[in-house]
Every structure is written in C-alpha cells, then in structure tokens.
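> Given the coordinates of chain A, work out where chain B should sit on it, guided by the hints.
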Amino acid sequence: EAQVTQNPRYLITVTGKKLTVTCSQNMNHEYMSWYRQDPGLGLRQIYYSMNVEVTDKGDVPEGYKVSRKEKRNFPLILESPSPNQTSLYFCASSLVQGDQPQHFGDGTRLSIL
Amino acid sequence: DAKTTQPPSMDCAEGRAANLPCNHSTISGNEYVYWYRQIHSQGPQYIIHGLKNNETNEMASLIITEDRKSSTLILPHATLRDTAVYYCIVRVGPIYNQGGKLIFGQGTELSVKP
Chain A
71 EAQVTQNPRY LITVTGKKLT VTCSQNMNHE YMSWYRQDPG LGLRQIYYSM NVEVTDKGDV
131 PEGYKVSRKE KRNFPLILES PSPNQTSLYF CASSLVQGDQ PQHFGDGTRL SIL
Chain B
111 DAKTTQPPSM DCAEGRAANL PCNHSTISGN EYVYWYRQIH SQGPQYIIHG LKNNETNEMA
171 SLIITEDRKS STLILPHATL RDTAVYYCIV RVGPIYNQGG KLIFGQGTEL SVKP
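Residue numbers (our numbering), protein chains in the order written: chain A, 71 to 183; chain B, 111 to 224.
It cannot be assumed that every hint is accurate.
[As the list claims (entries may be wrong)] Below, a list of computed lysine-lysine pairs in the DSS-like style, where the Cα atoms sit at most 27 Å apart: (1) B:K211 / A:K135; (2) A:K135 / A:K87; (3) B:K179 / B:K223; (4) B:K211 / B:K162; (5) A:K127 / B:K113; (6) A:K141 / A:K88; (7) A:K127 / A:K139; (8) A:K127 / B:K211; (9) A:K141 / B:K211; (10) B:K211 / A:K139; (11) A:K139 / A:K88; (12) A:K139 / A:K87; (13) B:K179 / B:K113; (14) A:K127 / A:K87; (15) A:K135 / A:K88.
It is worth saying that the hints were derived from the structure and are not from the lab.
Chain A with its partners taken away, still in its complex shape (with noise of 0.2 Å):
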C-alpha cells in the first residue's frame, strides 16, 4: 500500500533533549516536505527535498534541520527542543513533475516541556 510513515505518532519530552522525527514513504517520490500545525495558524511548511541531497528552507525553518540521505527517508531533527515547537507535524511527498498531489503522513503530535 502506497503511505507516508511517520515516527513516533506522539512523543512528550523536555526541553533540550534532541530528537528526531523519521519519514518514509514507499512511492519512490523525490519530493518530500514537512509541515507543522497550530491552531489558528494552519499548516506552515518547515523544510523541503527536491530529491536526494538536496533540501532548502520552508517558511519555519528555525530550530530544525533536515536530511535526505537516501530517497525514501526524511528524518526531521529537532536538535535543542524548545516549547514552542509543541505542534503537530506532518510529512508530505509527491513526485516533482506533473501535476500530481502530495501524499501526507498521519501526523506526530509533540509535546516540549
């Protein structure tokens, strides 16, 4: 079944402590984003993958960092948790041509104490 896999679904830690946010995707796509989501501020795109190595700044880039290493993978690293970054996330992917649409993940709910 063609997904996007997201890991953990929910995570609750403390300030500082890095973690990191996995995505995978089996649709062989080469574009794969990520996304984050307040109430009252929708969905804001937090960093971008053309395809492998190649990433660049979404419009919440601060406070995270990205990496493209292999096609389907595209962890988000959050290396110095802080509170604001209490949201939930989504991973997003599509292929880079055409008109195809994306395809998200079930979304991470994380909780920064």
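This is chain B only, laid out in the frame that chain A set:
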C-alpha cells in the same frame, strides 16, 4: 498562487450530496484546483484535482466553471465519516515551483449529520 475563498462551515444530511464551493477568481491559466480534507488532526488527505475539465474519482466529483473562477467539490452520498475540514488549494502543478508548498486556508468545516 491564487487566493481561495470557502465558506467556514456547512452541514449535510447523511446520504445526501454535499456540495462544497470554492472561489478562486484570480486563478492563472496554469494553476490547478486541488481539494484535500483533514479529519480531526489526521494528515491531510488528497481528494481530487483538476485544471479546467470536470473530474470524477471514487471519492468525489470536481466541477470547475468555464471561466475557472470557482469550483465545487461534490461528495455524492455523504456519510458520517466525511465530517472533516475541506481545503480548496490553487497552485501550479510541478512541485519545483515555490518549494512545492501547499497553502491551506481556513477551509470549510463540513458536518454530516444523521
């Protein structure tokens, strides 16, 4: 990308057709209309998209007016599981444009009632 306007909320009786409108009067010739929905904090789910012709798939139908300034998403037989926020998004097709970012507006909160 063109701005979209949707009603904030709508109700629909279970089993009836749900017709969700979207205005996109500034749409450009190369911009598609995409519809997604989000069921309570789950990941946005792609529904359907189109450029200028009407489209139908197993989930819904998309009707785009001839001048392309508005569109309607039709769920032919709404069920309780269709209760969600529905987003109409207008953007060019290729992802390499603007970092592939999807701009989710406020959407329409559809409540399907028994």
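> Are the Cα atoms of K135 of chain A and K88 of chain A separated by 27 Å or less?
It holds: about 11 Å lies between the C-alpha atoms, which stays within 27 Å.
> Given the proposed pairing of K211 of chain B with K139 of chain A, does the C-alpha separation stay at or below 27 Å?
holds, 21 Å
> K127 of chain A and K87 of chain A: Cα distance at most 27 Å?
Roughly 23 Å between the alpha carbons, so the hint for K127 of chain A and K87 of chain A holds.
> Taking only the CA atoms, is the gap from K127 of chain A to K139 of chain A under or equal to 27 Å?
Holds, at roughly 17 Å.
> Is K139 of chain A close enough to K87 of chain A, meaning Cα to Cα at most 27 Å?
holds, 23 Å
> K135 of chain A and K87 of chain A: Cα distance at most 27 Å?
holds, 14 Å
> Can you confirm whether the C-alpha distance between K127 of chain A and K113 of chain B stays at or below 27 Å?
Satisfied, since the Cα-Cα distance of roughly 23 Å is no more than 27 Å.
> Regarding the pair K141 of chain A and K211 of chain B, is the alpha-carbon distance no greater than 27 Å?
holds, 19 Å
> Hey, K211 of chain B versus K162 of chain B, does the alpha-carbon distance stay inside 27 Å?
holds, 22 Å
> Given the hinted pair K179 of chain B and K223 of chain B, is their alpha-carbon gap at most 27 Å?
Violated, at about 30 Å.
> Quickly compare the C-alpha distance for K179 of chain B and K113 of chain B to 27 Å and report which way the hint goes.
holds, 11 Å
> Keeping to a limit of 27 Å between CA atoms, is the pair of K211 of chain B and K135 of chain A held or broken?
Holds - the C-alpha atoms of K135 of chain A and K211 of chain B are around 18 Å apart, at most 27 Å.
Hint compliance for this structure: hint 3 alone is broken.
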